[in-house]
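Student: Spelled out, the chains give:
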Amino acid sequence: MAGLAAAFGSGAMTNTIEDIGVADVILVTGSNTTENHPVLSSVVKRAVRFKGAKLIVVDPRRIKLTGFTNLWLRPNLGADVAWINGLMNVIINEDLYDKKFVENRTEGFEELKKAVEKFTPEKVEEITGIPARDIIEAARLYGKAKAGSILYCMGITQHTTGTDNVKSLANLSMLCGNLGIPGGGVNPLRGQNNVQGACDMGGLPNVFTGYQPVTDFDARKRMEEAWGVTDLPDKPGLTVTKMIPKAHDGELKALYIIGENPLVSDPDLNHAEKSIKNLDFLVVQDLFLTETAQIADVVFPSRCFAEKDGTFSNTERRVQRIRKAVEPPGEARDDWAIICDLSSRMGFPMPYENSQAIMEEISRVTPSYAGITYDRIEHVGLHWPCPSIDHPGTPILHGEQFTRGKGLFHGIDYIPPDERVDQDYPVYLTTGRVIYQYHTGTMTRKSEGLNECAPECFIEISPQDAKKYNLDNNSLVNIESRRGQIKAKLMISGVAVEGTVFIPFHFAEAAANRLTNAALDPVCGIPEYKVCAVKLSKAA
Amino acid sequence: MEAQNSITINGNEFLFEPGDTILEVARRNDIDIPTLCYLKGAAPRGRCGVCIVEVEGQDKLPASCSTLAANQMIVLTESPKVIDSRRKTIQKMLSSGNHNCAARGSDNRDWTAFQLNVQQDDKSDQLCPVWGDCRLQDLAYRYQISATGMPGTIVEYPMEDVNPFIVRDFSRCIMCGRCVAACREIQVNDAIDFGQNKLSNKIIAFDNKTLKDSDCVFCGECVQACPVGALVEKDVRYRVRQWETRKVRTTCTYCGVGCQLYLHVKDNKIVKVTGVEGVAPNYGSLCVKGRFGYNFVDSPERLTTPLIKENGEFREASWDEALDLVAERLKGIKEEYGSDSMGVLTSARVSNEENYIANKFTRATLKTNNIDHCARL
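Heads up: the sequence lines are chains D and B, in that order. The working numbering applies: residue 1 is where the first sequence begins, and numbers increase by one. The working numbering applies: residue 1 is where the second sequence begins, and numbers increase by one.
Reference excerpt, derived from the structure (chain D facing chain B, CB under 10 angstroms, subset only):
| no. | residue |
| --- | --- |
| 1 | L252 |
| 2 | D280 |
| 3 | S302 |
| 4 | E331 |
| 5 | G347 |
| 6 | A357 |
| 7 | H439 |
Hints were generated in silico from the structure; no laboratory data involved. Cβ coordinates follow ideal geometry from the N, Cα and C atoms, glycine included.
Taking the hints into account, I'd like the entire structure generated from these sequences.
Tutor: In structure tokens, the structure reads:
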């Protein structure tokens, strides 16, 4: 999100889901949309099939959406900046960019122009493996669109250059004047039900709710007043990817984990496991005794979505209600109630009658949520920013001007991935999800039907690579990186690209993240899940 | 009133926009034309013959879902001719398979023999699994139709229940095509279609395979679209009746799309999930996880009490004991090592309110900004 925030001043999906349906051209990259956001993928498919929209898919794997596309670009892993710069190179050289928009709404164009100059289609073909003519065709298609929508997901962000990748997409969209209009935008698809909300609500080390910086004196004063406290810390805290090494070094003593399972989801799991075990005190609050909860000192049972009232904010910034449908098991409690009770015992009482009372406080301290009340979202959710009680919400961001005023172009150079294949580890590994499972599987693997459809881990490999390494379909294979090793069944598939294997990360017993690289994006601290080097051998 | 944009339905004049169908104009004005195969969001087919209306000056009764409103058109939606035609259509459907509700007929001998046959096919001694939740049954009651004396048809294709989610009961399929439209035009998964030639009376997955071996991804859009008992959730069939449940509207807990769904609850247990139609962002659509991934909620593995680890083993504890312990330990660590020696991972899985409280607790109680969640992971 740091990439979009730097370019626009606000890091969220700029347009709505429904709005994708009115785009002339849709560019999907780093998102296996049909598997990870199936219902949203239908909007894309309908636009292509029935409304004449053109689809460009940029993805190394032959994902399902490639069956709907006019143009499928298949880049080498981690070469995103190069192909995006290549598109802009063509768009500028062929004069396809939106001069009026660039002049009136943006700054930094000269810097961008200079940066993309050397990314000629031929040069880009060298770096990315995408034929030069396809770069030109994609550039023309997107450049000439009246409204072009860009959709992306973790395939763009989970790189050491994740922030650069996102800034590059923002560049491309601004260059063609695709912001603030229906059917346009730069749209990061959120993978979890309330990632957007967790960010909005100050679940980040550098901001309070509504992205008010903790370093901002006025913001701190407002919060201190609202909360009745003094001396709120003014230094940004640690991201999760920095907390883990600090735990390893013994500087972080206590960790309180709510509904997350880092012992399956973190990169370079062997290292993460050692680090978390090194803590003096670990508290986990969850539905199940997850891999992470098992090593906790205290575990609190919490309620699931069907057992509580509240709100989630979806990927298009729409705040929607959740409602209690069933009684929780045993003594399980609302996550907020547990924390409030704990806070009282630590000397700072946080009494609330119910979740609605908490939302009322959120509205008071968060300008972008100021107009959101349970009454208003009873039937249909509202898109933030919704600054007042009579404001209709904001489906499309950056209409008249960007959150930061003018949109900022960033001139960005291509940097290769942190780890590259070599003699010892000759194959690339990339990770992701499958449709029947979800994240670390704590929920889906306890739903029999879903588990029946996707019961175990697998290594997806191209027929060429299977032959090259003499591996049989369905056989058990060792896969090893510099950090760890797992065993899984081999699945020979036309989806895989030669030179790269794919593993879903849902399965704790064969956790893909034992292999992945914890090298981080220097700005936002996201790990490079999508690229690392591995080797394969027959399992004994 | 603009002369070229006016249509008369049942004696009342209404305006319309060019391109509106008769059905759309009627619905907008609260005139209830019954439909069966019509599926919002998909191209109208005019296939089933239920939504037909009488148009002055025309002999044939056109389907209102696929006939455009025209200037000066005079339409009757419940004329004797319309009702007669609708009755015949519904009666034919009702007699076409294992529609063993009371509407099927009450001729004693016929009824018993028919029921016994259906029971054998169903391997159940209950009435139709969607009794009381069936569009065809509703229409039969509305138009007071029974299929008494009509010859029953032979069930040609065996029931398919080899996948974990959906039972396909061809004996109750009326070939309305809603499932095909749902699959091809709404979800665009292209998994099922009308059969050809010898299979023209069957909805098939590609190559007449089972759903399990087809391109089907079990989104269940077809089940939600099915107006009869031909497509039913496996866990619901003969286990749950609609009138035993209550519906609670909420937001899906899986990906970030935020689909609006109904949890159908029976005896404090979620027994079925359906998409909320007509509302953004999903307009009734769901995916396999949203529709069928709810069993974790009442999993026996759910945590039910606080746990405290002692000598490497967990033991159950009261809330008071566990909360006091955590409060004491955190206070101790804060005093000894300072606030920044502690961190909180809040969650992209829990609510806004809960994230807000975690943020407040971390910053105001622990006095550190070490809070994050797994957005990056």
